[in-house]
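Visitor: From just these sequences and the hints, can you work out the full model?
Heads up, the sequence shown is in our numbering, so the first residue is 1 and it goes up one at a time.
One or more of the hints may lead you astray.
Pairs of lysine to any residue, SDA-like flavour, derived with a Cα cap of 20 Å [claimed, not checked]:
{"#": "1", "residue 1": "K111", "residue 2": "D213"}
{"#": "2", "residue 1": "K180", "residue 2": "R170"}
{"#": "3", "residue 1": "K111", "residue 2": "D82"}
{"#": "4", "residue 1": "K111", "residue 2": "A209"}
{"#": "5", "residue 1": "K180", "residue 2": "A123"}
{"#": "6", "residue 1": "K180", "residue 2": "D213"}
{"#": "7", "residue 1": "K111", "residue 2": "D134"}
{"#": "8", "residue 1": "K180", "residue 2": "T131"}
{"#": "9", "residue 1": "K180", "residue 2": "K111"}
{"#": "10", "residue 1": "K279", "residue 2": "D257"}
Distance windows between CB atoms, simulated [as the list claims (entries may be wrong)]:
{"#": "11", "residue 1": "L186", "residue 2": "G308", "range": "32 to 40 Å"}
{"#": "12", "residue 1": "S88", "residue 2": "R251", "range": "49 to 57 Å"}
{"#": "13", "residue 1": "G110", "residue 2": "E298", "range": "47 to 55 Å"}
What the hints contain is simulated information worked out from the structure, not anything from laboratory work.
Think of the CB as a built atom: it goes at the ideal place given N, C-alpha and C, for glycine as much as any other residue.
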Amino acid sequence: MPPAPIFIVGLPRSGTTLLAAMLARHPAIDCGPETFFFARLPQDPARLVDAARWPGEAVDYLCSLRLRDAPVHRLFGRSRADIERDLSARPPSLAAMLEGLTAARASAAGKSRWAEKTPRHLAHLDLIRRTFPDAAVVRLVRDPRDTALSLAQVPFASDSVLVNLHSVCRADAAAEPQVKRHPWLLTVRFEDLVTDPEPVLRAVCDLAAEPFDARMLVPTDEAEVLAADHEWWKGKESQRLDRSRVGVWRRELDPVDQRVAAIVCSEMIERHGYEGATKPAAAIALEPDAVGFVERQEAVTRRLALGGVVVRPRHGRGGQGEQGIGPARGGGLPLVFWPADGHDPWRLGRSRARRARTVMRMAALLAGSRLA
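Guide: Below is the structure:
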């Protein structure tokens, strides 16, 4: 039986590419570009592994994956014919599908096992565990203030640090229930990886039952194979470790924005052992579009934070804020109905049944919450 795979997950700009580049220097471990394999699966992937359709629809799905418009299978050096040939020789499964990219690339590189790094797979830990029961999973975390600043420099995120702070904290909180269900997962702080990498890499190797190899500590160009040609923001990962990337927020956020960040990110700061959190005095629950509110009402959001009030998605919908957020009766927090952009601003859904359920749920919220 081949060695179990290694999955690297986390929020964007949290050090996942850096760790993947280090692991790729190990003589036994190969790591290619992000696949988004679990993140883009249909809600019911049964059709992909239906024996009557195998491997046609599975091949279609793999060849549909894109990384910034570049076909993922091409980034792995695979053709459609290659994938179809490999899957035809295996029983239908999600594991076989992903290995049609990853295992084949590792074999071509002369390595015995593969690692896969897609930050968004943080939201799919349960499915990863079901698909690869013996996999080693490493989650990267980083001070949310540094993450938000880093995100403001890349094309796929907002250039607003405040919007990024809310998005980062929302995504981290949303992942917590799955993280708690999987004690086998190893959490690594970006700051520890940068300032003292050897103990971190030894812990990762122990988790993966792979001997530590000091070559992982030597900078090479391995990071170049982890990115598409136009992902310029990943170029630093092949350079020497830069400790100046730790605590950037202390230099680049002015005192007012530091106060705002300390309140907005208080839960995440404390959850991962960082310093400088300020517990908010109150919170407002938004339905259905908390991040949209921050994007369109940034000045209001900032003033609220400076007054000790944070904006949160309603508990249980895409995030997890302070205890008590949501349709709690009596002492529940104020509820703000804020529509999203687009043709379905209240997210009612297309079908009559879904629209009816959504209206009933919103009516229950009205009955059980204080309106702001």
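Visitor: Are K180 and T131 close enough, with their CA atoms no more than 20 Å apart?
Guide: The given pair, whose Cα atoms are some 19 Å apart, holds under the 20 Å limit.
Visitor: Within a Cα-Cα threshold of 20 Å, do K279 and D257 meet the stated pairing?
Guide: 15 Å, holds
Visitor: Under the criterion that the straight-line Cα-Cα distance not exceed 20 Å, is the pair K180, R170 satisfied?
Guide: 16 Å, holds
Visitor: Hint check: K111 vs D134, CA-CA at most 20 Å. Holds or violated?
Guide: 19 Å, holds
Visitor: Hint check: K180 vs K111, CA-CA at most 20 Å. Holds or violated?
Guide: 32 Å, violated
Visitor: CB of G110 to CB of E298, is that within 47 to 55 Å?
Guide: Holds: the Cβ-Cβ distance is about 51 Å, inside 47 to 55 Å.
Visitor: Would the pair K111 and D82 pass a check requiring their Cα atoms to be no farther apart than 20 Å?
Guide: With a Cα-Cα distance of about 19 Å, the restraint between K111 and D82 holds, given a limit of 20 Å.
Visitor: Regarding the pair K180 and A123, is the alpha-carbon distance no greater than 20 Å?
Guide: Answer holds: K180 to A123 is near 12 Å, not above 20 Å.
Visitor: State, for the Cβ atoms of L186 and G308, whether the hinted interval 32 to 40 Å holds or is violated.
Guide: 35 Å, holds
Visitor: Do the Cβ positions of S88 and R251 conform to the proposed distance bound of 49 to 57 Å?
Guide: For R251 against S88, whose Cβ atoms are near 55 Å apart, the range 49 to 57 Å holds.
Visitor: Can you confirm whether the C-alpha distance between K111 and D213 stays at or below 20 Å?
Guide: It holds: about 14 Å lies between the C-alpha atoms, which stays within 20 Å.
Visitor: Checking one constraint from the list: CA of K111 to CA of A209, max 20 Å. Satisfied?
Guide: Given pair K111, A209 holds - Cα atoms ~15 Å apart, limit 20 Å.
Hints 6, 9, counting from the list given before, are not met by this structure.
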